Amino acid sequence: MFKATIDADTLKSSIEALSVLVDEARFKISPEGFTVRAVDPANVAMVSFELGSNAFDEFAADDCEIGLDLSKISDIFSVAGKDNKVSMELDEMSQKMSLHLGGLSYTLALLDPSTIRAEPRIPQLELPAEVVLNGKDLQRAVKAAEKISDHMLLGVEDDAFYMEAEGDTDRVRLDIPRDQLIDLRAGDARSLFSLDYLSDIVKPASKSNEVTVEIGKDFPVKIGFTIANGVGKIGYLLAPRIESD
Amino acid sequence: MFKATIDADTLKSSIEALSVLVDEARFKISPEGFTVRAVDPANVAMVSFELGSNAFDEFAADDCEIGLDLSKISDIFSVAGKDNKVSMELDEMSQKMSLHLGGLSYTLALLDPSTIRAEPRIPQLELPAEVVLNGKDLQRAVKAAEKISDHMLLGVEDDAFYMEAEGDTDRVRLDIPRDQLIDLRAGDARSLFSLDYLSDIVKPASKSNEVTVEIGKDFPVKIGFTIANGVGKIGYLLAPRIESD
Amino acid sequence: MFKATIDADTLKSSIEALSVLVDEARFKISPEGFTVRAVDPANVAMVSFELGSNAFDEFAADDCEIGLDLSKISDIFSVAGKDNKVSMELDEMSQKMSLHLGGLSYTLALLDPSTIRAEPRIPQLELPAEVVLNGKDLQRAVKAAEKISDHMLLGVEDDAFYMEAEGDTDRVRLDIPRDQLIDLRAGDARSLFSLDYLSDIVKPASKSNEVTVEIGKDFPVKIGFTIANGVGKIGYLLAPRIESD
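Residue numbers (full-length UniProt numbering), protein chains in the order written: chain X, 1 to 245; chain U, 1 to 245; chain F, 1 to 245.
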């Protein structure tokens, strides 16, 4: 059993955050809310997503797992106006979900969860440095780097967070000192990442005023932020690239 | 003889409404105004258009018929600013029309009306159900349906107007009860239409607060609305598709 | 030696004005400021550009010449916000330029000026007619002409400036009488130009309230305007096409 009502905008942000890595996802539903863990087809990045039942106006659910085609849900929201509520109800017999949104009623066939790649195990990493900053700053550096290179360094140095990209002849760097960051736990950190992934990930992150970036030395980066006033949590884990120099 | 001045915006809306079905049109001009009747190349939809002489700031005409390339006129208006007046004058000798618009003077060669498909006979249909609603509601349902299918049902049931589309696995439906419609004459009505045509037709219709939709049982739909404060009338007639089930 | 700080917007406008004709340019730097003279690859149009040292917040330079890839600079500014200052510093040893802009630091490799086409000699032309008008008016006529033809006449007749384009069957003309111009020095002037070039040139010109157009009879046209409150000057010289009639 699953029946819920939520701000269309919150659900839309959630779907967008997942869509940057996967097209289909298994949603684990329990009385406590939703969780999704997914890994991109190339095994380079993972996303974990939680949306507590208190993010919903109405929420009633037993434990169950459903498979959703994220692009179909995005299509539905592309027609929705602002300030809409969406209500959802699962019909377990027919394996369909009904959605009501701005007067429109949708009946969507669910995907068989067993046909969707299994949930990845999210590795427990203790990363030495942690930076908290505005998502816009992160996005600005990534956009600048894309003009020059296809990968980007993230690191901590001299009590500042830096992002740097180097092309064949040119270089761009953004240093953000501690006093311009929301928070900084300095540590030995410098890792290189693919801009293909980073630019997808910073799109949803750029809407958050407070993005947490955890980095190490040639280790994966963790990029996390909340949605729906902290009730929803989105976290990405992106594998590093090897620096050749 | 034909000489007239009109709001550029009114003429632009008129041309757009015709352009959804045809590229070239025969305009019948008389002292009472303009009329156009045209059928799309595939014979699936017709448009009828009337613009009374009182829609014009200035209008002087004898009976005549001219052929216009609608895309050329659209090009001209794409350069025009808002709040412009356009004045037109026919030169019968050279078969050219001059247009003055925002300081620019155009001289356009007319098309020989005999090279444009003849006016269709618009069938007189008595359709059992009639719905009057905001064009935006019509467009919203059509946009939602396009994501799922290439055809759409329009019908009346239980004192409500409904639009429904069904894809291979999914379904979307919009029910608008009588109290959310401007007017409803209930009757036995349920017909299926091509979304290719419907989505073109609802584009100009969506700008009108009051669109009249007349439907029957496996019969063509009539979609009508006015422009220029009621002085211009646009009506579409779209043939139904056969429901296979 | 070269070190300077300037409004990002002023530098951006300058680069855009050059970019309509060339991808790479030689900048002559002196204690008085910047100058660039360049000719397009097809030898049809020239651009001359001057930006005085007083356009800068800070400016210190010896005589030198640097080669810049304009598209790289445009990329950098595409990331910049409004109201930014950009500071530049030349490193002659490494032949690199560093730019600081909105917190970002760029290090750009310079091009070897000798690999960039030499500065053209700008011919000294005494053109009989001169028109001063708003850049928007010029752009409007060019946009209208593009719909109809690939070349356009500019001329002066009966105390008015006119622009005219003629397609296979259609014609568009804009006449601007003296009282709607900022200034007019009438003279024998009527020349035909390629709209490919004119439409590129009017893009930056359209942002200026006061564009000077000098024309003759089958002679090149000079189109000039200022930026940065008159401290920067941009001038184009476009060769005429032969009228075949």
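FYI, nobody ran anything at the bench for these hints, they're computed from the structure.
Certain hints may be false.
Pairs count within a copy or across copies, as identical chains cannot be separated in the list.
As the list claims (entries may be wrong) - Below are the PhoX-like pairs computed for lysine-lysine, each with C-alpha atoms no more than 25 Å apart in a straight line:
1) 3 to 207
2) 28 to 143
3) 147 to 233
4) 96 to 203
5) 147 to 12
6) 85 to 217
7) 207 to 96
8) 143 to 222
9) 3 to 217
10) 96 to 217
11) 3 to 222
12) 136 to 96
13) 143 to 96
14) 12 to 217
15) 28 to 136
16) 222 to 72
17) 96 to 85
18) 217 to 72
19) 12 to 136
20) 203 to 72
21) 222 to 96
22) 3 to 28
23) 85 to 72
24) 143 to 85
25) 217 to 28
26) 3 to 203
27) 222 to 85
28) 147 to 72
29) 147 to 96
30) 3 to 136
All figures in this text were calculated on a predicted structure; none of them were measured in a lab.
Each hint tested on the structure:
1. 3 to 207: So residue 3 and residue 207 fail the 25 Å test inside a copy (28 Å) and across (37 Å) alike.
2. 28 to 143: neither (34 Å within a copy, 31 Å between copies)
3. 147 to 233: So residue 147 and residue 233 fail the 25 Å test inside a copy (31 Å) and across (29 Å) alike.
4. 96 to 203: The answer is neither: 31 Å in one copy and 32 Å across copies each exceed 25 Å.
5. 147 to 12: between (29 Å within a copy, 17 Å between copies)
6. 85 to 217: This pair counts as neither: shortest intra-copy Cα distance 44 Å, inter-copy 34 Å.
7. 207 to 96: So residue 207 and residue 96 fail the 25 Å test inside a copy (32 Å) and across (35 Å) alike.
8. 143 to 222: within (19 Å within a copy, 38 Å between copies)
9. 3 to 217: neither (45 Å within a copy, 36 Å between copies)
10. 96 to 217: For residue 96 and residue 217, neither the intra-copy (46 Å) nor the inter-copy (30 Å) Cα distance is at most 25 Å.
11. 3 to 222: neither (32 Å within a copy, 39 Å between copies)
12. 136 to 96: For residue 136 and residue 96, the Cα distance exceeds 25 Å both inside one copy (38 Å) and across copies (29 Å).
13. 143 to 96: between (40 Å within a copy, 22 Å between copies)
14. 12 to 217: neither (35 Å within a copy, 38 Å between copies)
15. 28 to 136: Classified as neither: same-chain Cα gap 31 Å, cross-chain 37 Å, threshold 25 Å.
16. 222 to 72: Result: close neither inside a copy nor across copies, 28 Å intra and 31 Å inter.
17. 96 to 85: within (20 Å within a copy, 55 Å between copies)
18. 217 to 72: Neither: 39 Å inside a copy, 31 Å across copies.
19. 12 to 136: both (20 Å within a copy, 22 Å between copies)
20. 203 to 72: Both: 20 Å inside a copy, 23 Å across copies.
21. 222 to 96: neither (35 Å within a copy, 35 Å between copies)
22. 3 to 28: Close inside one copy (14 Å), not across copies (59 Å); limit 25 Å.
23. 85 to 72: Within one copy only: 18 Å inside a chain, 44 Å across chains, cut-off 25 Å.
24. 143 to 85: between (33 Å within a copy, 19 Å between copies)
25. 217 to 28: neither (33 Å within a copy, 45 Å between copies)
26. 3 to 203: For residue 3 and residue 203, the Cα distance exceeds 25 Å both inside one copy (30 Å) and across copies (35 Å).
27. 222 to 85: The answer is neither: 32 Å in one copy and 33 Å across copies each exceed 25 Å.
28. 147 to 72: between (32 Å within a copy, 8 Å between copies)
29. 147 to 96: Intra 44 Å, inter 17 Å, cutoff 25 Å: inter-copy only.
30. 3 to 136: Neither: 35 Å inside a chain and 30 Å across chains, both beyond 25 Å.
Of the numbered hints listed earlier, those contradicted by the structure are 1, 2, 3, 4, 6, 7, 9, 10, 11, 12, 14, 15, 16, 18, 21, 25, 26, 27, 30.
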